[in-house]
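S.K.: Sequence:
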Amino acid sequence: MDPDQLEAHKERLRGIARTAYDSRLPFKSITSERHCQILDRAIRNVLSTELAKFTYAQIIDGLPTADVAWDRRLPGIMGEHIINDHETLCPGALEKAHQYYKEWDPSSLKFAPETLKAFQIAEPASKSFNVRLVELVAVSLHQIAVWLHKLELHLHQGDIDAVTYWEMPLSETMVRFPPGPTLFSHHDYLDDDIYPEGVADMVGYWAEDRILGGVTVFDRRPENSDEITNIYFHSCRKSQTIRVYQLRDEQQQALFDSLLQEEPGSLPSPLPILGDKQNRRHMGKKTIDYHRDENI
494 MDPDQLEAHK
504 ERLRGIARTA
514 YDSRLPFKSI
524 TSERHCQILD
534 RAIRNVLSTE
544 LAKFTYAQII
554 DGLPTADVAW
564 DRRLPGIMGE
574 HIINDHETLC
584 PGALEKAHQY
594 YKEWDPSSLK
604 FAPETLKAFQ
614 IAEPASKSFN
624 VRLVELVAVS
634 LHQIAVWLHK
644 LELHLHQGDI
654 DAVTYWEMPL
664 SETMVRFPPG
674 PTLFSHHDYL
684 DDDIYPEGVA
694 DMVGYWAEDR
704 ILGGVTVFDR
714 RPENSDEITN
724 IYFHSCRKSQ
734 TIRVYQLRDE
744 QQQALFDSLL
754 QEEPGSLPSP
764 LPILGDKQNR
774 RHMGKKTIDY
784 HRDENI
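Heads up, the sequence shown is in this note's numbering, so the first residue is 494 and it goes up one at a time.
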């Protein structure tokens with residue numbers, strides 16, 4: 494594909510993504526009070542976990558901690574990177590994340606119309622309902638990360654850009670890999686020039702992966718349109734497969750139970766849910782349609 498063709502392809506993807514993004518409906522569009530309450534509670538159940546608070550605290554800080562920055566496949570950092578000096582969160586970041594959880598309300602969330610429709614017609618406690626619930630929660634976690642990133646709270650006591658754009662000195666035989674626009678990134682979700690929210694969407698995918706265990710995707714090929722889909726994760730952690738894998742039935746059930754608990758913390762959190770050799774069903778990325786209809 495020559496440069497002109499590539500740019501034309503990107504422009505088409507931008508248009509598709511923007512159209513879907515602009516068509517989203519607000520949380521209040523959920524007409525069933527029961528469905529609305531269950532979704533609200535499910536999101537809060539995730540936000541109440543220390544993992545979620547720590548993840549969002551890093552965005553509030555402005556930089557990931559060193560151990561998190563290195564815990565990824567195909568890292569965008571190498572050598573004696575100066576992120577190594579960022580061993581802990583800067584003062585106030587975690588406290589702000591706790592405060593955000595206490596004050597959070599879902600009114601600003603927006604979802605794809607088709608997803609909301611499928612969620613509302615599904616009977617609570619059914620597999621279809623639970624899968625759609627996971628989808629909406631994943632989108633919500635993504636959007637919250639986008640908002641926090643765009644607030645630019647940046648409590649880090651230092652030059653964030655200097656850390657983000659640091660490059661290892663190269664020898665004559667080494668190839669330069671320029672740093673990306675943020676250290677909050679998943680190795681396979683880097684198209685900030687296509688995503689409606691740009692770099693903030695990269696941060697959203699990173700947060701979703703860190704909290705849930707992977708970017709959440711579903712098999713929605715035309716031949717499967719009438720089937721209840723299973724949940725797949727696309728993980729970035731260095732200990733995980735680079736492939737998109739299906740959660741086992743017991744992993745999916747643990748996730749459902751965690752989201753549906755009546756009181757936050759009444760069950761041990763299964764997050765992050767990670768794959769292992771028992772997650773035997775994999776799919777190529779190109780055969781999967783992603784849960785968020787506003788992004789490509």
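Heads up, a few of these hints could be off.
Unchecked claim - In silico DSS-like cross-links for lysine-lysine, where the CA-CA straight-line distance does not exceed 30 Å: (1) Lys-770 <-> Lys-731; (2) Lys-770 <-> Lys-589; (3) Lys-589 <-> Lys-521; (4) Lys-521 <-> Lys-610; (5) Lys-503 <-> Lys-595; (6) Lys-643 <-> Lys-770; (7) Lys-603 <-> Lys-589; (8) Lys-503 <-> Lys-620; (9) Lys-589 <-> Lys-610; (10) Lys-503 <-> Lys-589; (11) Lys-643 <-> Lys-589; (12) Lys-620 <-> Lys-610; (13) Lys-731 <-> Lys-643; (14) Lys-603 <-> Lys-643.
Stated by the list, open to error - Here are the in silico distance ranges between beta carbons for each label pair: (15) Arg-773 <-> Leu-544: 40 to 48 Å; (16) Gly-572 <-> Leu-544: 27 to 35 Å; (17) Leu-544 <-> Ala-611: 24 to 32 Å; (18) Gln-746 <-> Glu-543: 36 to 44 Å; (19) Cys-529 <-> Asp-495: 36 to 44 Å; (20) Val-668 <-> Gln-498: 19 to 27 Å; (21) Glu-543 <-> Asp-769: 17 to 25 Å; (22) Leu-646 <-> Lys-770: 35 to 43 Å; (23) Gly-585 <-> Leu-544: 17 to 25 Å; (24) Glu-607 <-> Asn-723: 15 to 23 Å; (25) Pro-674 <-> Gln-498: 33 to 41 Å.
Note that these hints are calculated values from the structure, not bench results. Ideal Cβ placement from N, Cα and C applies to all residues, glycine included.
S.K.: For each hint, tell me whether it holds in the structure or not.
M.R.: Verification of the supplied hints:
no.: 1; hint: Lys-770 <-> Lys-731; verdict: 15 Å, holds
no.: 2; hint: Lys-770 <-> Lys-589; verdict: 38 Å, violated
no.: 3; hint: Lys-589 <-> Lys-521; verdict: 26 Å, holds
no.: 4; hint: Lys-521 <-> Lys-610; verdict: 13 Å, holds
no.: 5; hint: Lys-503 <-> Lys-595; verdict: 40 Å, violated
no.: 6; hint: Lys-643 <-> Lys-770; verdict: 38 Å, violated
no.: 7; hint: Lys-603 <-> Lys-589; verdict: 24 Å, holds
no.: 8; hint: Lys-503 <-> Lys-620; verdict: 36 Å, violated
no.: 9; hint: Lys-589 <-> Lys-610; verdict: 34 Å, violated
no.: 10; hint: Lys-503 <-> Lys-589; verdict: 37 Å, violated
no.: 11; hint: Lys-643 <-> Lys-589; verdict: 15 Å, holds
no.: 12; hint: Lys-620 <-> Lys-610; verdict: 16 Å, holds
no.: 13; hint: Lys-731 <-> Lys-643; verdict: 27 Å, holds
no.: 14; hint: Lys-603 <-> Lys-643; verdict: 16 Å, holds
no.: 15; hint: Arg-773 <-> Leu-544: 40 to 48 Å; verdict: 26 Å, violated
no.: 16; hint: Gly-572 <-> Leu-544: 27 to 35 Å; verdict: 29 Å, holds
no.: 17; hint: Leu-544 <-> Ala-611: 24 to 32 Å; verdict: 28 Å, holds
no.: 18; hint: Gln-746 <-> Glu-543: 36 to 44 Å; verdict: 22 Å, violated
no.: 19; hint: Cys-529 <-> Asp-495: 36 to 44 Å; verdict: 50 Å, violated
no.: 20; hint: Val-668 <-> Gln-498: 19 to 27 Å; verdict: 25 Å, holds
no.: 21; hint: Glu-543 <-> Asp-769: 17 to 25 Å; verdict: 23 Å, holds
no.: 22; hint: Leu-646 <-> Lys-770: 35 to 43 Å; verdict: 41 Å, holds
no.: 23; hint: Gly-585 <-> Leu-544: 17 to 25 Å; verdict: 19 Å, holds
no.: 24; hint: Glu-607 <-> Asn-723: 15 to 23 Å; verdict: 18 Å, holds
no.: 25; hint: Pro-674 <-> Gln-498: 33 to 41 Å; verdict: 25 Å, violated
When the structure is compared with the earlier hints, violations turn up for hints 2, 5, 6, 8, 9, 10, 15, 18, 19, 25 and for no others.
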